[in-house]
Amino acid sequence: MTTPVITVTHAAMGYEGRTVLRDVSLTVAAGEVVAVLGANGSGKSTLIRAVLGLVPLSSGSVALFDRPGRRFRQWHRIGYVPQRLGASGGVPATVREVVAAGRLARRGILRPPGRADRMAVATALAAVGLADRTSDPVSTLSGGQQQRVLIARALAGEPDLLILDEPTAGVDAASQEAFAGALKEFVAGGGTVLLVAHELGPLRPLISRAVVVHAGGIVHDGPVPEPAGHHADPDHDHVHPHGPNEPAGLWSA
Amino acid sequence: MELFQYPYMQRALIGALIIGLAAPALGIYLVQRRLALIGDGLGHVALTGVGAGLLFNRSPVLAAVIAASLGAIMIELVRARGRTSGDLALALLFYGGIAGGVMLVGLSDSTSASLHAYLFGSLSTISPADLTTIVVLGVAILVTMLALYPALFAIGHDEEYARVSGLPVRALNLLLAVATAVTVTIAMRAVGVLLISALMVVPVAAAQQVTRGFRSTMTAAMALGLFAAGSGVYVAANADTAPGASVVLMAIASFAVIALGGVGWRTLRRRRVAAPGTPAVEPHEVVLSQS
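Those protein sequence lines, which keep their order, are chains R and E.
Take 1 as the starting number for the first sequence in this note's numbering and just add one per residue.
Take 254 as the starting number for the second sequence in this note's numbering and just add one per residue.
Some but not every residue of chain E turned toward chain R, in silico, with C-beta under 7 Å:
id, residue
1, V284
2, Q285
3, A404
4, A407
5, E413
6, V417
7, S418
8, G419
9, Q461
10, R465
11, G466
12, T470
In silico contact screen, one side only, chain E against chain R (beta carbon under 10 Å); selected entries:
id, residue
13, A415
14, T464
15, F467
In case anyone wonders, no lab produced these hints; they're calculated from the structure.
Here the structure is a predicted model, which means the values were calculated and not measured.
The C-beta atom is built at its ideal place from N, Cα and C for all residues, glycine as well.
From just these sequences and the hints, can you work out the full model?
Here's what the structure looks like:
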């Protein structure tokens, strides 16, 4: 439990003069399951995007598996699950084809897929309960099932570290359970997890540590905080009104 | 059929078949990225190269390859930096390209017939040297697009994920841009600058009316491209029509037939099987993008 898998040191980051992260330091050790919690716009998604090298830091540093981010090359050790499948492309793709992309980091771009690759894809699809949908176009799946496809894609690469951005946001209960099961199996196999969440739901028992991000800084690092106020109400279904800055329509000013 | 005993017709047919196979193999990645019209724009840029080649008495095809590649690299750099001003930058490049081409061709001694040949294609005037260029470049494009299929698919599907997979995303995007420019230039001889995009896009659009996956779409699109090229040249030879236009019209006809057939087949199937309820669409719960 001593090897650091992720080390973020005094990281700061901003878009066009607006500070998103300021002086954030975070260490995740092997075998930990760390949840990054926080309100919308707190900077929690930016934090994990910075860990992945998808956004540049304005100061500070990130190290993955004890290697500085810029010199990190062992991408097959990381499985990334984005928040949502981007706008679907102009050409259909089957579930299997999308999940097979998860093997590229391990296989390299020129080697054709072999038996081990096909096995890993099948295992990952079974782990998220989609073994019967492999030949269906991804666009015909529900939002929750699409999210499970993305998790299968990350698992197919047999990573040591899973990084997930809001994996359960807007996902139906069945998919959340399937997802929690797959994650549990991954952790039991010695995997490390860093996930951003808005609410933990069925993932809660898996979390070993919670980091709360508020206004670009870490305000809590320790056990999962108890829900407070109306959030603690068992009937609270956690629906948030949309932010005031959201444009109401195409032609609104 | 006796027309195909003439070497120039044989060259036309071979050139058309190679392009019919290579153009959709590349075009599918453009359609996937929703860049279906990029080939059209690069064709405009290639025209400036043709004009420069004619003016300075150099090979117009080679000059077009260079001009279109430079244009493709510029477009890719604009696209990678941010998409907001992208379409205006593209418009400037495209109209600059066609205006420059028309002006340079006018300055050279060539007749308007040669401009016409590049605008609408001129399969029957392909020289043996032209054919060699088409075959070598066409096969190179085909092999590259098939060999890089997993990587190019992954980038087109989810560029950020591809970056986190450690793929050389920028290099592969530039490669695709240059490959597009090269395909445009060799296809220019067959169907002309104004119809280039059709061969890259229409077979893909036709195939995906009935396919469910990327690989099957690619295979079907290449088969359709081959069919359109072969049947188009055959029609052109027998009915004495413009080969480029005939090839494109055959591709569009196959699109129409497949689209109608697909609708009919789905209707039939729906009647036979009482449609099971599709899963309800889930509402968005949180802000979906924060980038």
